[in-house]
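**Student:** Residues per chain, in single letters:
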Amino acid sequence: EAGVTQSPTHLIKTRGQQATLRCSPISGHTSVYWYQQALGLGLQFLLWYDEGEERNRGNFPPRFSGRQFPNYSSELNVNALELEDSALYLCASTLGGLSTDTQYFGPGTRLTVL
Amino acid sequence: KNQVEQSPQSLIILEGKNCTLQCNYTVSPFSNLRWYKQDTGRGPVSLTIMTFSENTKSNGRYTATLDADTKQSSLHITASQLSDSASYICVVSEDDMRFGAGTRLTVKP
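These protein sequences, in sequence, are chains A and B. According to the numbering used here, the first sequence is numbered sequentially starting from 1. According to the numbering used here, the second sequence is numbered sequentially starting from 1.
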C-alpha cells in the first residue's frame, strides 16, 4: 500500500513569489494535516483538513492557506514568500478525524526561499 | 513558551547501550501522548501512542512511559542500534497537537 506522497521534493522560490505544495494521503484516509519544520526547530502545526473542510489552523498568517479536494488530496499555498518560510513542509494523513488516530507522514517538501 | 519540552537536546551513545529520552509537558487536559522517530530528511514515523490512563507502551526495543500526575513521559531505547540514530519527537494532543523540539540521538559503533 502506498504511503503519503508529497510533491515536489524540493522547491526553490524567491521572496514575494507564491509556492504550491501537494499531498496525497494514504488511500482511505480522509484527514490531512500540514506542518512546517524549520531548521533546528520542532514541527509547527499549520492546517488540518477533514472531509474537504478546514477543521483547524495553527498560528500562521493568512498567506498560508490550503484546500482539500474531493479525492482527499490536499494543497498548501504560501503567498508572498518570505525568507523565514524556508523549511521542510510535512503532510500527514489519518484514517479519520480523531486525535487518537495515528498520523502517517509523507517525506516532505523542502522549500527554499532566496 | 513551548508546552512540550524535551531533553536532552542531543545525545550520543555507543551501539548496544540503552538510553532514555525525556518529555515534560504542560498541556492540560490532554487526550494522548505520542512518540515519533524522524530520520534525517524524512517524515516522522509513529512509535507509540498512549492515552492519559496508560502508563507504559512498548514497540519492540522502544518503551514509552507516562506519568500523568507529574506530566512527564520517557522513551527508553534498549540495546541501541546504528539505525536508531534519528530525532525523537514527543507530541501531546488536546484539541490540537503540540510538538516538542525533539531529541537528536546519535548511535556510534
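I should point out that these hints are in silico values taken from the structure, not numbers from a laboratory. Mixed in with the good hints, there may be bad ones.
[To be verified] A short, non-exhaustive set of chain A residues, derived as facing chain B with CB atoms under 10 Å: (1) Y33; (2) P61; (3) F64; (4) G96; (5) F105.
[Said to hold, decoys possible] Chain B regions said to be covered by chain A (calculated; three or more residues, Cβ under 8 Å): (6) 58-64; (7) 100-109.
Even glycine gets a Cβ: it sits at the ideal position worked out from N, Cα and C.
**Student:** A separate judgement is required for each hint: does it hold in the structure or not?
**Tutor:** Checked hints:
1. The interface hint given for A/Y33 is met, as the beta carbon of that residue sits about 8 Å from the closest beta carbon of chain B, less than 10 Å.
2. With a least beta-carbon distance of about 18 Å to chain B, the hint placing A/P61 at the interface is violated under the 10 Å criterion.
3. Taken as an interface hint, A/F64 does not check out: its beta carbon lies about 15 Å from the nearest beta carbon of chain B, beyond 10 Å.
4. For the restraint placing A/G96 at the interface with chain B, the shortest Cβ-Cβ distance is roughly 14 Å, beyond the 10 Å limit, so the hint is violated.
5. Nearest Cβ of chain B to the Cβ of A/F105: about 3 Å, under the 10 Å cut. The hint holds.
6. Figure legend: the region 58-64 of chain B, annotated as covered by chain A; annotation inconsistent (0 residues with Cβ-Cβ distances under 8 Å, at least 3 required).
7. Evaluation of the coverage hint for the region 100-109 of chain B: fulfilled, as 3 residues show C-beta separations to chain A shorter than 8 Å, against a requirement of three.
The structure shown violates the earlier hints numbered 2, 3, 4 and 6.
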